[in-house]
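Take the given structure of chain A and dock chain B to it, following the hints.
Note that the protein sequences, when read in sequence, are chains A and B. First residue of the first sequence: 74, per our numbering; consecutive thereafter. First residue of the second sequence: 1244, per our numbering; consecutive thereafter.
These are computed hints drawn from the structure, not numbers from a lab. C-beta atoms are modelled at their ideal positions from N, C-alpha and C, and glycine is treated no differently. Mixed in with the good hints, there may be bad ones.
[To be verified] Calculated Cβ distances over 10 Å to all of chain A for the following chain B residues:
(1) Pro-1260
(2) Leu-1300
(3) Leu-1403
(4) Ser-1420
(5) Tyr-1434
(6) Ala-1467
(7) Ser-1482
(8) Phe-1505
(9) Asp-1633
(10) Val-1662
(11) Pro-1685
(12) His-1720
(13) Arg-1831
(14) Ala-1853
[As the list claims (entries may be wrong)] Now the stretches of chain A that chain B is said to cover, found in silico as 3 or more residues with beta-carbon under 8 Å:
(15) 104 to 116
(16) 239 to 248
(17) 292 to 301
(18) 403 to 412
(19) 495 to 508
(20) 520 to 530
(21) 582 to 595
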Amino acid sequence: MILELLIGLCLVGAVVVFVAPNRYASKLAAGWSLLPLALSVFMYATFDGQSNALLGGQLAYETMVSWVSLGPYALNWHVGLDGISMPLVALSTVLTTAAILAAWTPIEERESQFYGLVLFLEASLVGVFAALDFFVWFVFWEAVLVPMFFLVAIWGGPRRKYAAIKFFVYTNVASLVLFIGFFALVFGLGNSINSLDLPAIAQALRTGQLSAVGGVAPETLKVAAFVALFAGFAVKVPVVPFHTWLPDAHVEAPTPVSVLLAGVLLKVGTYALLRFNFTMLPDVARQYAAIIALFAVVSVIYGALLALAQQDLKRIVAYSSVSSMGYVILGLVAYTVYGVGGATFQMISHGLISGLLFACVGVIYNTTHTRMVGDMSGMADRMPVTTSMFVAGAFAYMGLPLTSGFLGEYFVFLGTFGADFPGAPWFTAIAMFGIVIVAGYLLFAMQRTLFGSFGVETDHAGSGAVTDGGERTHNGRRANGGEHEHGDVISPAAAHDIAPLAILLALVIVLGIAPEISFAMIRDAVSPLLAAGGGG
Amino acid sequence: MAETATSTVAFAFEVAPAIAILPLASFVIALFAGKYLPKRGALAGITATGGSLLLSLWVMLTVAGGAYYNEEIYTLVSTPDSFDLHFGLLLDPLSALMLVIVSLVAFLVHLFSLGYMNDEGEPGLPRYYAGLGLFTFSMLSFVLSDNLFMSFVFFELVGLCSWLLIGHWYREDAPPSAAKKAFLVTRFGDYFFLVGVVAIFATFGTATFAGAESFPTLAEEALAGSGGAGGELPTFGLSAQGWFTVLGLLVLGGVLGKSAQFPLHTWLPDAMEGPTPVSALIHAATMVAAGVYLVARMYGFYALSPTALAIVAFVGGFTALFAASMAVVKRDVKQVLAYSTISQYGYMMLGLGAGGYVAAVFHLMTHAFFKALLFLGAGAVIIAMHHRQDMWEMGGLKNKLPVTYYTFLAGSLALAGIVPFAGFWSKDEVLYEALVHGLNDPLLLAAYLMGLTAVFFTGFYTFRMVLLTFHGEPRTHTARNPHSLGWSVKTPLVVLGILATVIGLANMTPIAEATGLEIEFLHTWLEHGLEGVNSEHYGEVLETVAGYSAAELSPLLAAVFSLSLALAGAGLAYRLYSGDRPEHHTDRLGAAKRLLTDNYYQDEYQVWIAQTLGTGVARASDRFDQGVVDGVVNGVSSVSLFSGDRVRRVQTGIVSNYATLLTLGLVALLVGVGLAGGWFL
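Next comes chain A alone, as it looks inside the complex (with noise of 0.2 Å):
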């Protein structure tokens, strides 16, 4: 029941902050997130599971109880975890707590309402993980979409309404086009399963209960289902073309939001890609596995590049998300413990980063109300500490070794280069030249805003052009004159503001230094995927 109660806690500490008083609320929400928190890493260390979640074998936390029973399909509350879905509830907790802190500063108005709508969304996330009823995936996953809505086009920036109903409605007709392929499965399987449950699916589907439906061969209905459910969670990831609402929502997000849509939310689409479409139906992803890969791979090297063009820092992060889970993707197709533990292992290590760097935006932001990257040089005189976590932050991005962003990459390209579908080792091997764009736009990004004399040019009321570059330089090589006027405007962030980064960075190395951590977990839930897909 454990499962339950973290779920649970997430949802009355959501009623509870939404009824809160908005004085409170942010010191409430914040202390009561580290109850789920606490709950997660807990469940963590005792994790005992073994096997993958759809495909027997032994589950941690796991819950099956019969609810109703619908027609010919009962449904079952049925949750529990693996070792795939267990560090991705523990990313949940940790990027929900770490977004609610750097909320403190930007947010300012009807804080009870955000402060409710994250915790109902960090709910709404874990039992979307948790889930191994269709029915009550489903459930969760559409609830995921409502706070996100509400968070974005409320407490978001000029454009939120724009940015949030395109995120609302193409992340619908997402789920409206995967779920007609998921039912077509479901009725070909006809009387061979009696529920909903997701690994009675699965198991039916691996062992070749599908029959034909409407006169469509199986083999067929397979593919067409493949292809729907592809592209209903391609927009969730997003993979390209289907990713042009994601810079939009992260854009317009508030900074906090932003952190756990490019975390959390991204991950929610790779993670219904693994358990669907690559559990579910492995032939079909085998035999179409270049397509795919092409897919990846277009997404690596396509959002680097358009990462490489923007100024914008949030949109420089945004794209970047697009080329960083390509990456996923293709380690997905591979099909070898390397490449689909590492996918996994990126979804983790990606959430952490990519929060760490959206959050660095925002305590920039917050200060010099501007992310235009030509609006601002010389940072890092004064945001000292804030600067070493973004240099810190973006060259994890990078895949500097010793963070986990490095192994996350090495794992996907270690087991995608010898993988067995045609033309593997060029897939992987182009998709590598993501890791130059990617140290392109962010040292560029670097330079610009963090280094060279300080400067922001802003047109936040009360500020105006800032500059000051009046401090003794090398041996009085050359010392910027400078004015003083708003000198006080820019100031180091505060240690709220500081702390959500330097949990996230200290994750971010310590899982490069010990994957084991989450890949151990990880490896056991991947192998009896790749055992029983072998045929192909």
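Relative to the frame of chain A, chain B by itself:
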């Protein structure tokens, strides 16, 4: 590993990880406590690198006693059905030698920094010492690596440290830009390296350097067709030999980047924006050596592919000449040294490619000492000149800075290759190896000739530098009244000055050949070692697999060639620049000078690729994305918006309305699907 399998592992090997961990500790201390410490972290760094040096010497002594070590010490990831990723130590003559070089130079540079950074009242000292500590840790770990994965890890980390330290003075515009360029250019090379590492894993299932299950051994077995595990390797559609050549060339990408070889050399001159002790440590003696060291470390693999070797040699010979020609016209003393560094690493590559493994390692060692000396000497001059670096503003410093002058002169004689200074012996041996193998291979011969021509240029630019800096009349007020130097500056100069003078005696091949004495100590040193990773084995492989054969030729003859060219270059410099008021003779080169000062427009085309082409494609992608990809999305939605204009009233902004609609929609969907699926029948 019969040699290591003695029942008691030497105690020196058990504490060997501390060689790397001590500087890591100094990094942590400087980073978190540096601002509270009296010297802002310098003392922690000096203590740590001093400790590393002592431990390295101890390891060297143990290795000299015939004990080696090749063990995993930390497993990052283990997978039952696939390969493991681990960190381990490989302690043999090569790595022991390199450990001593790196820790010694790091120790001296830390000491020198007291004078160069602390005494000059620099801000940001904790950051500086943290960077140095992290660098030393990474570099030593790189040297200790027993497998290519670990090498890559620390290869990248030294790149990070290089970025941090080049950009140390981040308030100015040039250093951050130079740091970015250095990281990007080397990253471009590392991309190929990473593909190579991944491909080596995919091919061999391992990336260890030494032992029966190491990838060079497996590759050798595969080529020999002797069955075993190496019998049926995946070679991705190529012949085994062809695929191994591809793998070697992929790894070479990283080598070209880090060791600043053509065409990826362009970052190194810019990297001189960093503090001069950093230039000495990272951009001359150690990090730049990482590429060459890597080739030496996996030489058993390169020796299998004559094509890869020939490319290594040719690139090396070309770079040696190309860079030396640019050094001739530079005004900034650090720029001369930067191009000279590129050129000297070219020699090492030439040596490796020509089959002169020992010669290349020898030159790596002597160069580390004399180039660190020259950079630190230049640093001393820069302190004295109140941070001016233009040689035309100097002159006449000889009498004001005698210690600096004589040590710098020793380093210059070594660089120019004048007998009996260190560089003579090592460069001469590289050229000798290239010549004897080149007589049977035209490509190698071409590489040799380029390397030989570069000797003349080296002699010229070296003495032009010495004469302009120290001789003649002082040309500026600062040069007449230089800043005085402290003991922390002079001590490293003296130590390195002695080394630059005598270290060449470790391997006097021409003398040995002429007299028959057994004084080729480095040859003897590198001949022993673990099975499959020693110069004796490499020699056999070169002959049997790569088909290298050496012509009979006296080393004395080759030595006479190169020494006379070096003297000619030095003599020309002396003729042109020795007066009290030397002229700008390079002006007479006319358009050629322009070409040389602009570095053959190498920077221009690379910047063009990175900026115009790179951002051009990026902008075009962005327009395509906004216009076409997102255009389609918006187009679809405006069609539906047009038809559903009235539905817009749904957007009331009232939370409960949305929630109601959402729930209703979900229910309708379920009911619809349920009806279609016949749930309610």
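Open item on the list: Tell me whether the statement that chain B covers the stretch 403 to 412 of chain A is true, taking a Cβ distance below 8 Å and needing three residues at minimum.
Closed with: holds (count 3)
TODO: Classify the label on B:Val-1662 as holds or violated, using whether its beta-carbon is more than 10 Å from each beta-carbon of chain A.
DONE: Correct as stated: the minimum Cβ-Cβ distance to chain A is 40 Å, above 10 Å.
Open item on the list: Taking 8 Å as the Cβ threshold, is the statement that the stretch 292 to 301 of chain A is covered by chain B upheld or broken by the three-residue rule?
Closed with: The restraint on the stretch 292 to 301 of chain A is violated, since only 0 of its residues have a Cβ under 8 Å from chain B and three are required.
Task: Beyond 10 Å from each Cβ of chain A, as asserted for B:Phe-1505 - done: Label holds. Min Cβ-Cβ 19 Å, cutoff 10 Å.
TODO: Taking the shortest Cβ-to-Cβ distance between B:Tyr-1434 and chain A, state whether it exceeds 10 Å.
DONE: violated (5 Å)
Open item on the list: Between the stretch 495 to 508 of chain A and chain B, are there enough contacts, at least three residues with CB-CB distance under 8 Å, for the coverage claim to hold?
Closed with: It holds, with 6 qualifying residues against the three required.
Task: Annotated coverage of the stretch 239 to 248 of chain A by chain B, confirmed only when three residues or more have a Cβ within 8 Å - done: holds (count 3)
Open item on the list: Taking beta carbons only, do three or more residues of the stretch 582 to 595 of chain A come closer than 8 Å to chain B?
Closed with: Answer holds; 5 residues pass the 8 Å Cβ test.
Task: Nearest-CB test (10 Å) between chain A and B:Leu-1403 - done: Label violated. Min Cβ-Cβ 6 Å, cutoff 10 Å.
Open item on the list: If I take the minimum Cβ distance from B:Ala-1467 to any residue of chain A, is it greater than 10 Å?
Closed with: holds (23 Å)
Open item on the list: Just want to verify: B:Asp-1633 was marked as not at the interface with chain A; is every Cβ pair farther apart than 10 Å?
Closed with: Fine: 13 Å to the nearest Cβ keeps B:Asp-1633 off the interface.
Task: Least C-beta distance from B:Pro-1685 to chain A larger than 10 Å - done: Label holds. Min Cβ-Cβ 33 Å, cutoff 10 Å.
Of the numbered hints given earlier, the model fails hints 3, 4, 5, 14, 15 and 17; all others are met.
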